[in-house]
Amino acid sequence: MENVPPFLVPLWTWLQGFQAPEALRWMNWTIPTALFFIAIGVMLLVMTLLELVWPTQERKGFWPMPTTRGDRLFIGLLGAAFLHLGWLGITDLPLWWASILALGWFTVEMRYG
Amino acid sequence: MRKRSLGLILYFVFLLLPIYWLLVMSLKTNQEILGPITFWPENLTFQNYFTIFNDPSWYTGYINSFIYVVMNTAISLTVALPAAYAFSRYRFVGDKHMFFWLLTNRMAPPAVFVLPFFQLYQTFGLFDTHVAVALAHCLFNVPLAVWILEGFMSGVPREIDETAYLDGMGFPRFFFTVFMPLIKAGIGVTAFFCFMFSWVELLMARTLTSVNAKPIAATMTRTVSAAGMDWGLLAAAGVLTIIPGAIVIYFVRNYMAKGFALGRV
Amino acid sequence: MNKTWNNAAWLLVVPVFLLVAFSAIIPLMTVVNYAFLDIFGPGETYWVGTDWFRQVLASDDFQGALVRQLIFSGMVLLIEIPLGITVALAMPAKGWTASLALVLMALPLLIPWNVVGTIWQIYGRGDIGLMGWFVTRVLGLDYNYTADPLAAWITVLVMDVWHWTPLVVLLCYAGLRAIPDAFYQAAAIDGASKWKVFRYIQLPKLRGVLLIAVLLRFMDSFMIYTEPFVVTGGGPGNATTFLSQQLVKQALGQFDLGPAAAYSLVYFLIILLFSFVFYTAMSRIGQAE
Numbered sequence: 235m236e237n238v239p240p241f242l243v244p245l246w247t248w249l250q251g252f253q254a255p256e257a258l259r260w261m262n263w264t265i266p267t268a269l270f271f272i273a274i275g276v277m278l279l280v281m282t283l284l285e286l287v288w289p290t291q292e293r294k295g296f297w298p299m300p301t302t303r304g305d306r307l308f309i310g311l312l313g314a315a316f317l318h319l320g321w322l323g324i325t326d327l328p329l330w331w332a333s334i335l336a337l338g339w340f341t342v343e344m345r346y347g
Numbered sequence: 021m022r023k024r025s026l027g028l029i030l031y032f033v034f035l036l037l038p039i040y041w042l043l044v045m046s047l048k049t050n051q052e053i054l055g056p057i058t059f060w061p062e063n064l065t066f067q068n069y070f071t072i073f074n075d076p077s078w079y080t081g082y083i084n085s086f087i088y089v090v091m092n093t094a095i096s097l098t099v100a101l102p103a104a105y106a107f108s109r110y111r112f113v114g115d116k117h118m119f120f121w122l123l124t125n126r127m128a129p130p131a132v133f134v135l136p137f138f139q140l141y142q143t144f145g146l147f148d149t150h151v152a153v154a155l156a157h158c159l160f161n162v163p164l165a166v167w168i169l170e171g172f173m174s175g176v177p178r179e180i181d182e183t184a185y186l187d188g189m190g191f192p193r194f195f196f197t198v199f200m201p202l203i204k205a206g207i208g209v210t211a212f213f214c215f216m217f218s219w220v221e222l223l224m225a226r227t228l229t230s231v232n233a234k235p236i237a238a239t240m241t242r243t244v245s246a247a248g249m250d251w252g253l254l255a256a257a258g259v260l261t262i263i264p265g266a267i268v269i270y271f272v273r274n275y276m277a278k279g280f281a282l283g284r285v
Numbered sequence: 146m147n148k149t150w151n152n153a154a155w156l157l158v159v160p161v162f163l164l165v166a167f168s169a170i171i172p173l174m175t176v177v178n179y180a181f182l183d184i185f186g187p188g189e190t191y192w193v194g195t196d197w198f199r200q201v202l203a204s205d206d207f208q209g210a211l212v213r214q215l216i217f218s219g220m221v222l223l224i225e226i227p228l229g230i231t232v233a234l235a236m237p238a239k240g241w242t243a244s245l246a247l248v249l250m251a252l253p254l255l256i257p258w259n260v261v262g263t264i265w266q267i268y269g270r271g272d273i274g275l276m277g278w279f280v281t282r283v284l285g286l287d288y289n290y291t292a293d294p295l296a297a298w299i300t301v302l303v304m305d306v307w308h309w310t311p312l313v314v315l316l317c318y319a320g321l322r323a324i325p326d327a328f329y330q331a332a333a334i335d336g337a338s339k340w341k342v343f344r345y346i347q348l349p350k351l352r353g354v355l356l357i358a359v360l361l362r363f364m365d366s367f368m369i370y371t372e373p374f375v376v377t378g379g380g381p382g383n384a385t386t387f388l389s390q391q392l393v394k395q396a397l398g399q400f401d402l403g404p405a406a407a408y409s410l411v412y413f414l415i416i417l418l419f420s421f422v423f424y425t426a427m428s429r430i431g432q433a434e
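Protein chains in written order, with the numbering used here: chain A, 235 to 347; chain B, 21 to 285; chain C, 146 to 434.
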């Protein structure tokens with residue numbers, strides 16, 4: 235993992251101490267993908283709690299159909315995934331440019347979608 | 021009017037000729053098949069069917085297929101019934117997203133899952149068992165069952181539930197003695213669809229089995245590639261796979277469309 | 146449609162969730178993991194980042210298969226939907242002919258997909274198949290689906306039309322039967338032409354079932370594997386290799402786990418997008434009615 239930014243190295247080394255349980259070894263877990271799924275899990279959890287505390291109202295944004303908070307999250311994530319894919323398919327430039335773009339899109343979608 | 025029925029008859033000819041041809045081929049000898057074309061069997065023979073019924077490597081394929089198909093139908097119905105009830109009667113946190121997630125599993129190509137399935141089932145020691153195929157087919161059959169049943173259940177007035185609960189009936193008793201008899205037709209059609217989609221699927225069934233649970237579909241494709249071309253035998257095996265469905269179709273003909281429409285006609 | 150809020154209903158959904166999650170989420174997580182690794186054997190893996198995605202998106206195999214897939218699915222919809230509506234309109238409405246027509250109509254839908262392939266593999270051959278014999282000997286055309294890409298395409302397409310148009314017919318038939326007679330009587334009083342009846346009474350009522358027909362036909366043709374696998378094996382060359390075939394070839398044939406996983410994810414995302422669009426459209430129509 236030579237491309238880990240220096241300030242993250244201690245955290246990275248700490249994370250590497252974790253081992254996947256034997257039964258899950260075949261899935262070939264890696265730290266980035268594990269973090270990715272943890273993030274998704276946390277998102278779902280937060281959305282559920284938010285929903286219980288502060289139920290969503292359907293509202294009309296720039297899409298033809300009214301959307302709920304969950305819908306906007308899904309559209310935002312799907313759009314971000316396609317932005318990354320498109321970036322990989324079209325240019326050889328570093329991927330994090332696409333990530334910045336995706337973040338912008340995600341914000342717009344959550345706010346105005 | 022006459023032009024219309026003529027067109028319909030032509031369509032049915034288009035529909036039935038390939039099946040007729042398969043049937044005819046299964047009743048011919050291989051010499052006749054490979055010789056000049058004949059439109060019906062001139063030397064009628066049932067030899068191809070005898071071969072299948074007497075050769076374990078053939079007929080166990082049918083038995084294996086039946087075992088996992090029946091298991092799958094039972095599992096799918098058992099878990100889908102309560103879930104469909106929840107979807108048709110209540111709103112709960114994330115219900116629509118849950119429903120959408122189920123739909124994506126019906127729509128996802130089995131090819132995407134085949135690669136990890138192989139390893140997943142190997143890890144759990146399920147490879148080459150009937151349970152493995154039954155569970156794998158749940159991926160698309162459970163969502164399908166939930167969709168169809170939800171459609172049928174939404175057609176039952178909610179007053180029936182409320183009256184039953186007011187009478188002090190508990191949920192399990194109400195569900196089994198009052199509600200399930202009301203949607204008998206729906207359960208029948210759902211069972212039929214689970215049976216059918218598990219029966220027609222090849223890719224997963226073939227990937228997850230090798231010997232002990234090898235389905236008839238895999239037996240057929242492997243024979244094509246290995247033993248060269250015993251066309252008559254192949255056709256006979258094909259005809260035998262059509263018969264179970266053809267019989268059941270008759271009983272569900274009036275509900276079939278509703279099943280295909282995922283319960284929403 | 147005013148359902149009561151009850152979060153305890155989740156308990157009834159848990160079994161479904163667990164069962165489908167076992168077969169859907171664990172494999173999907175595995176695919177995501179594999180897509181970023183070069184895998185030589187158990188424990189011998191190397192992080193490659195997004196290399197596989199770049200490779201897959203740039204590869205001719207994937208692009209070709211995607212283009213063929215889109216053309217195929219498009220043609221399937223263009224042929225099967227209008228044909229299905231036409232046949233449904235011509236179907237008898239009641240009596241024993243209606244029952245018979247329904248049963249016969251459903252027959253192709255119940256044939257295992259590999260047998261559908263076998264049927265057409267035999268049926269299309271010039272030496273032993275009725276259709277092949279008719280086209281080559283009676284019409285005198287040069288037709289050989291194992292050698293000529295165009296013939297292979299036509300065979301696979303005709304096979305799909307044969308296999309799945311009945312589904313569209315059944316759905317439309319059910320939709321048509323749901324139209325009350327009063328509508329037709331009103332139209333007759335107004336002296337509406339057959340076309341007007343179709344355009345302004347039948348077609349709007351068919352909207353719901355047609356959407357489902359389009360959804361199912363699009364999605365199922367988008368994952369077609371078994372039938373062309375049996376008939377043409379994806380050939381001649383790559384002419385009838387669609388997305389699923391390409392994927393299975395890579396995953397199980399060559400055991401290229403990393404690239405196959407990246408391929409799977411791209412494929413899955415495309416499906417996810419289409420599912421979402423269709424699902425949204427469907428629930429909107431459901432609400433409008």
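Incorrect hints may have been included.
30 Å max Cα-Cα, derived BS3-like pairs, lysine-lysine [stated by the list, open to error]: (1) 350(C) / 294(A); (2) 116(B) / 234(B); (3) 350(C) / 204(B).
Part of the chain C face toward chain A, derived, beta carbon under 8 Å [as the list claims (entries may be wrong)]: (4) 270; (5) 400; (6) 414.
Derived from the structure by calculation, the hints contain no laboratory data.
Model, not experiment: these values are computed from the prediction.
Ideal Cβ placement from N, Cα and C applies to all residues, glycine included.
The hints, checked one at a time:
1. 350(C) / 294(A): Holds, at roughly 27 Å.
2. 116(B) / 234(B): violated, 38 Å
3. 350(C) / 204(B): Between residue 350(C) and residue 204(B) the Cα gap is close to 27 Å, so the pair holds against 30 Å.
4. 270: At 40 Å from the nearest chain A Cβ, residue 270(C) fails the 8 Å test, so the hint is violated.
5. 400: violated, 14 Å
6. 414: holds, 6 Å
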